[in-house]
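*Asks:* This is what each chain is made of:
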Amino acid sequence: MSSLSPPAKKLWWNEPIHKSELMWISLVFVWGLVMTFMMPYWHVVGKQNLGTETYKTTPAKFQAATEAFAEKFTVRTEGPRNHPVVAPPAGGDVYMLGRLWDWWPTVELKKGETYRFHLSSLDWQHGFSLQPANINIQVVPNYEHVFSLTPTEAGEYSVICNEYCGIGHHLMIGKILVVE
Amino acid sequence: MANTTQMLNTVFRTCPDTGLKFHGPAENLIKANAVAAVVFLLIGGTFGLLVGLTRWQAVHLLGAEDFYLVLTAHGLNVLIFWLIFFEIAVLYFCSAVLLGCRIATPKWAWAGFALMVIGAVMNNVVVLQGNSSVMMTSYAPMEAPPLFYLSLILFAVGALIGCFVFFGTLVVAKNDKSYEGSLPLVTFGAMTAAIIAVFTIVSGAIILIPTFLWSVGLVGEIDALAYRLIWWAFGHSSQQINVAAHVSVWYAIAAILFGARPLSEKVSRTAFLMYILFLQLASAHHLLVDPGVSSNFKMFNTSYAMYLAVMASMVHGLTVPGSIEAAQRARGHRAGMFTWLRKAPWGNPTFSGMFISLVGFGFLGGITGVVMGAEQINLLIHNTLYVPGHFHATVVLGTTLAFMALTYWLVPVLFRREIIFKGLARWQPYLFGLGMTGVSLFLMGAGTLGVPRRHWDIGFAGTGGITHEFPAAAYTMLALNGLSVIVAVIGGAAFCVIIVGSLLFGRKLGDQKMEQAWIAKPVTDEEYNANGGSAYAIPGTLALAMIFFVSFALYYFINWKYLAETWGIS
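As you go down the protein sequences, you meet chains D and F in turn.
To get our numbering, take the position in the first sequence, counting from 1, and add 140.
To get our numbering, take the position in the second sequence, counting from 1, and add 98.
Derived Cβ-Cβ restraints for the label pairs, each shown as a range:
{"id": "1", "chain 1": "F", "residue 1": "Cys594", "chain 2": "D", "residue 2": "Asp233", "range": "52 to 58 Å"}
{"id": "2", "chain 1": "D", "residue 1": "Gly308", "chain 2": "F", "residue 2": "Phe519", "range": "43 to 49 Å"}
{"id": "3", "chain 1": "F", "residue 1": "Asp164", "chain 2": "D", "residue 2": "Ala208", "range": "39 to 45 Å"}
{"id": "4", "chain 1": "D", "residue 1": "Ala204", "chain 2": "F", "residue 2": "Ser649", "range": "48 to 54 Å"}
{"id": "5", "chain 1": "F", "residue 1": "Leu316", "chain 2": "D", "residue 2": "Lys201", "range": "26 to 32 Å"}
If you want the ones that stay clear, here's a sample from chain D, every Cβ over 10 Å from chain F, calculated:
{"id": "6", "residue": "Lys201"}
{"id": "7", "residue": "Arg216"}
{"id": "8", "residue": "Pro224"}
{"id": "9", "residue": "Val225"}
{"id": "10", "residue": "Gly231"}
{"id": "11", "residue": "Gly232"}
{"id": "12", "residue": "Asp233"}
{"id": "13", "residue": "Val319"}
{"id": "14", "residue": "Glu320"}
The hints are simulated quantities; they were obtained by calculation from the structure and are not laboratory data.
Remember, it's a predicted structure, so these values are computed and weren't measured experimentally.
For each residue, glycine too, the CB sits at the ideal point set by N, CA and C.
Build the full structure now, drawing on both the sequences and the hints.
*Replies:* Next comes the structure, spelled out in structure tokens:
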């Protein structure tokens, strides 16, 4: 009787389990507990726990908020798309919007300071992929996602779209600048 | 009329090589579904080649528009059409053939098959027309023409009918008393796949039907977040059908080639049951960096749901090779730790395919899936090329290769034709396995460097000057991925050529028995107990399992270390 036939022993559920299997099952179970423990543990000791504060919004509302933010803190415009470079005060709010096919505006942050990021999309779904820090967050229209970001190193960072958003997906790129 | 039906239902043939009893209509249905599967594998694989050659930045074969179109078509053809057609064939085989009974309602089964064919063909036509390059996920509010959603709905309804024909056949077998005791393990595994399939297809209906109505203007708005939540109940669960199905195929091949029985029916069946109880609940791991999903929900979902399902897979990962080891030892290959493995038929594509599938699924697909499913680690990986790297290890190296391996055995049994190009067939699983291992590793490597998935140009040539420079290693990874794709496609094409060629030109076997034994005699209790009294001692498998465990744990903690190095986020 192989696995292709009904079990050899009719009362198969009464058969003892061999010790090599039992050992492995115990090990795997404990490993599952370790991995389960790691996530709340990281919430306590780790510095990378994506915030989950979220508000319902609309594209129009979010665009207005982002424009107001840009108007208040723009220090210059630069780059091929003539984007405003917005430098909010340390610890302040930052608004960034994704749209086909652009991240707007460019943001200038100070290393080591913590900012409250507001992220949403004006149209389809997008993917906020901060490179080379490699932080990846889903951006969904009609939802305003708020979380804190603390840059650890100065430099020029790119925000790449990593959620497919149509034919111009690969053109969707923005910048975050981090200064000392 | 009633008479003809009755007669049809008693048309059985016994395979001279395997002793399996085939009900005529069941056999034809299995053949039709398996052939359709291979056709869509061929189509989808061709699209895959184009994807790989475009990602290779130095070659960059297709333009952007074609790339996104081809990528959409690639995903749908292989991830859905090839796998589900084959799985329907597996369901019918595991019910009507393994239980030796007639298939329930063959007319309904044919209707389901017709719907699946119509859906799959229609989907390809719609996608190739060019307005449906929305990827397999078709995330609202990005919109495809109504026929795109309709084609998927038709396909899903057809597959659902197939599942119910399977359940009906189990009832027929029970009523006809065509078997005694409990279902065979392989049939039990297939049953869990079918139950998960019903859950999957219902989830699919809940999201695709409103989306279809939205695309024709009858529904005002589809909430993007709700779409993601429900779509993944469908999208991820469909991968659990694959897992349950290919694990059943592993057990089937262990039985076919070695006469193996599970080390413990109780353990293996419980592990299958855990797939139903936990796997599809875990689909929220696709939402780990989404807005509006609480950390508690994410952790519950990853740990309670996913880790228990992972435990089930790790149990199968031990018991499948363990059952082979026990059977080999019982048959005399007792020396040392690994004689049983060395003496395995490595030149038989059914074995090599199955074993590469097992190792690839576990080491590459399994470990990476669990790691990126941890709530915080997902921040590093979400939507990078790492994700396709992971699932090429699970559904291609794992599921597809297992199905290929079974096909080599099935063709002579079902079609009574000998496999042609036996020399090529010996090498095919190695070629395909090597290529796909490369694809998986290099995509994951590029993803670790931050390269986005579903992205036409990581050189950012058309952006008017805003660019990002990925490290040179990322370009190397994509080039190596391109080369691996070529190797894998040669392996995949070899499979299609061998199988289609065998169906058309293979030597007809008729009622003649083949020279070599085509199915191993089940190992008996006496044989098991002759092994020094310890029937199921499996030191070799345990050693391999420990290597797996250590790799898993190391890789898991390395990723926490990577995570600790990035920006603070809260």
